[in-house]
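Chains as they are written, first to last, in my numbering: chain A, 1 to 501; chain B, 1001 to 1296.
Hints were generated in silico from the structure; no laboratory data involved.
Where hints are given, some of them may not hold.
Said to hold, decoys possible - In silico contact screen, one side only, chain B against chain A (beta carbon under 7 Å); selected entries:
hint, residue
1, 1047
2, 1048
3, 1049
4, 1074
5, 1115
6, 1118
7, 1122
8, 1234
9, 1248
10, 1252
Unchecked claim - Here are the computed distance ranges between Cβ atoms for each label pair:
hint, chain 1, residue 1, chain 2, residue 2, range
11, B, 1202, A, 359, 53 to 61 Å
12, B, 1128, A, 480, 18 to 26 Å
13, A, 500, B, 1023, 40 to 48 Å
14, B, 1148, A, 56, 27 to 35 Å
15, A, 359, B, 1128, 34 to 42 Å
16, A, 377, B, 1185, 57 to 65 Å
17, B, 1170, A, 403, 54 to 62 Å
18, B, 1041, A, 403, 48 to 56 Å
19, B, 1041, A, 500, 55 to 63 Å
20, B, 1032, A, 79, 58 to 66 Å
21, B, 1121, A, 280, 50 to 58 Å
22, A, 183, B, 1102, 49 to 57 Å
23, A, 358, B, 1148, 40 to 48 Å
24, A, 155, B, 1148, 49 to 57 Å
Given the structure is predicted, the values throughout are model-derived calculations rather than measurements.
All C-beta atoms, glycine included, are put in the ideal place defined by N, C-alpha and C.
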Amino acid sequence: MPHRRTTRHRLAAVAAVLPIAGLAVGCSTTSGGDGDSSAFTVASPYAVQSLDPYGSAGAAIGTQLADQAIFNRLVKADANGQLGPDLAESWTPDADATTWTFTLRQGVKFSDGSAFDAADVVSSFERFTGGKNPNAGSFTGITATAAADGTVAFDAPAPDPALPGKLTLFFVTASETPAEFPAKPVGTGPFTVANFTPGEVLEMTPNASHFDGAPKLERLVFRQIPEISSRMTALANNEIQATWGVPDDQVAGLSGNADVHVETVASTSVYTMWFNSGRESLADAAVRKALWQAVDFGTIISSLYPQTGQLSDSVLAPAVFGHAPQPPVAYDPDAAKKALEEAGFDFSKPLEIQFSGAEYRQFVEAVAADLNKVGVKAEPAEKESAVFLEDLLGMKWDINFQSLSTPSFDAATNLGRLYPCSAKRTGYCNPELDELLTKAGSTADTAERETLYAQASQIIWDDAVGMYPMQVKIAYAWRSNVQGLAASPTYLPDFSKVTLS
Amino acid sequence: MTVAEELAVTAPRVRRPRLLRWIPMGVIALYVLVAVFGPVFVDYDPVATPLADRLLPPGSATSSGTALLGTDALGRDVFAQVVYGARTSITIAVLTVSVAALVGLTVGIVAGYTGGLVDAFLSRSVDVLLAFPGIVLAIVVAGLFDRSLAVVVLALALTGWIAFARLTRGSALSLRERDWVAAARVMGVSWRRIMTRHILPFVAGPVVALATIEFGLVVLSEAGLSFLGIGLPPSTVSWGKTIAGGRDYLATAWWISTFPGIALALLVVSVGLLGDQFNALFRGRGRAGAANTRRG
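Pulled out of the complex, with its shape left as it was, chain A reads as follows (with noise of 0.2 Å):
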């Protein structure tokens, strides 16, 4: 029994078995998995922890990828960042973009046969503000109210441009929703849970009377396999038949199987390495984009990222509005070193490079490989998701690398929120890219807001308020009797339109 075992009697084991393991998957060969041909069984990298879209988890990609199937929203995005009507068939500005008017889609049913109406909308918008979700944040002051021909108006304090795009972040549930958010909760989605275990496993049944038609899959199944190359054999195996966020590696290993059909998407993520200008030895802008200099991302990025990645032009990736290209920051160590040494950077002093995730462990000691070559004593720190995000909120870093994402597809939610002085997140402070971005954030013209964002990309990017890197694409890889499934930029693949052959 593995689980009646001690501690060390399992290291043992672990010991033991490593170097046979490491022979047997070596030399094993693939065999057919469970033919369940009714389920249809995906594997995403991020674990479903919780269904509930207002809570604390509600931000997560897990969330909202179940929430996805289960829910709806107001609008969508499509791959491109393009909005389009989910649950909203169309919205409307008023002049100075205070208030928007979104008009519903007729004949909407929830799962349990009850009517969606412009009420359950209100009731959910102020559940998701006043909850513990973290995009909450981003609706501050902003109200729901439901007019009499059953549209719903969203008023802000100040212009807010980007609204429908941040709408995309909130999921409509029924008003009569439990305060104790339900384990099958009712949902206008094309799925219904049928069975749902934290961070393990989640099982659904298509909603015959979602308003798109019900889906053609008998069954779809969440299940969660952490590490990536089980995941692989898993999916090798037809134990899955599509998981995403695939390793260049295991990539490379996935294109010789002709059952299996890889595709790669670009994401909305840059790979992102704030230096906290708040410290002495980073606060000047030309220590700064020496470091820059410093590193050698064009081989780092064809190395380790032949396929998922791409060298970033601009603080934003090219699919949200507001990205503008940027001149590229040559790898050059010798004018890099040259410079540290003319702004008297201190080489004696270590740089902790912060992150969190055993998937980005390469690239951070490949980055900081590339900056000890010129005598900065930089130092890659893994840090425990938590820890990472308590030292990261108080500004306890050098240098801190995130994978950055604009879900929204619109740089009011990143340049917009992270950037100014109030913000305090990256210890640079510009007053004068505080006022393009407060511009830009109560602009209605669209115009002249991607101008704004021009600029202040341009200012992020020239003074380097951080290192961007890479535009990051996401690997999908599915079964070749899979058939309409679409590669999304979010991590968060449509299966309503899914039928297997």
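Since chain A is already given, all that's left is putting chain B on it; use the hints.
Structure of chain B alone, referenced to chain A:
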């Protein structure tokens, strides 16, 4: 079968184990040699990441020579990691076992010889600590502090001394009733001198045997902590870390996890065998060949 025939058959069987007995000792000696002198001959920079050389199979030519045991996902030489890992493992094990033995011995002898309330207090404290799973406590301690070698030693020694304390307490309890101890007491020899001169030498044997077994467990626990990503800083090479780094590559680059895994398993098994030999030796009160005659 005559007696002579039986002797002829069994004689070589007795001899062979005697030769085999040297194997664990030899293996451990080799590891110690590698740990001490290996880094002198093998050049390795744990911080550098020669990405052009990544995931090369054993025997491949790299930009800086030949990778005997292949390279890992960042292009670093696996052979060098095995050599430097030996140094890390043995250093940590020696330090941890020394600290644990010293603390355990002191507590055990004091408790066993003094008896009474002191013994009751110390023994119950040991019992309480014994209730904690060692590795869990080590994970908690190692997780609380910044990564360093000292923290790993501390975390592992924290529960390692308990076995020593229990062992020496038991021995001291029976030794203090012996005639020579009583005689020393009657003659007015100080208690400090009785402990060091009349009790300690008789506890030394079993403690050495236990230290050997603990050594193996510490090597494994350190690898376990490193495998979980707790404890050692990134610039320190460790078998556990290398094995963990190869986890995702078992199917495509088996050599990353396999070679440090073999190195770890071989050392731990050898140390375990040596510990068994010591154990048998001291239980047989120092008679040569006691281990064999016992198994009969």
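Just tell me: holds or violated, for the beta carbon distance of residue 1170(B) and residue 403(A) against 54 to 62 Å? Hint holds: Cβ distance 56 Å, inside 54 to 62 Å.
In this structure, is the beta-carbon distance linking residue 359(A) and residue 1128(B) contained in 34 to 42 Å? Holds - the Cβ-Cβ distance for residue 359(A) and residue 1128(B), about 40 Å, lies within 34 to 42 Å.
Against chain A, with CB atoms and a cut of 7 Å, does the hint on residue 1047(B) hold up? holds (5 Å)
Under the criterion of a CB-CB separation shorter than 7 Å, is residue 1252(B) in contact with chain A as hinted? holds (5 Å)
Hint check: is the beta carbon of residue 1049(B) less than 7 Å from a beta carbon of chain A? Holds: closest Cβ of chain A sits about 4 Å from residue 1049(B), inside 7 Å.
Is the interface hint satisfied for residue 1115(B)? The criterion is a beta-carbon contact with chain A at less than 7 Å. This interface hint is violated because 31 Å lies over the 7 Å limit.
Starting from the hint 18 to 26 Å, judge whether the C-beta atoms of residue 1128(B) and residue 480(A) obey it. For residue 1128(B) and residue 480(A) the Cβ distance comes to about 59 Å; the hint is violated.
Regarding the hint that residue 1074(B) lies at the interface with chain A, is the smallest CB-CB distance below 7 Å? Interface hint status for residue 1074(B): holds (6 Å vs cutoff 7 Å).
How does the Cβ-Cβ distance of residue 1032(B) and residue 79(A) compare with 58 to 66 Å: does it lie in that range? holds (59 Å)
Within 40 to 48 Å: is that where the Cβ-Cβ distance between residue 500(A) and residue 1023(B) falls? Since residue 500(A) and residue 1023(B) have Cβ atoms about 58 Å apart, the given range 40 to 48 Å is violated.
Would you say the C-beta atoms of residue 1148(B) and residue 56(A) sit inside 27 to 35 Å of each other? holds (34 Å)
Per the CB criterion, is residue 1048(B) less than 7 Å away from chain A? holds (5 Å)
Comparing the model with each numbered hint stated earlier shows that hints 5, 6, 7, 12, 13, 18, 23 do not hold.
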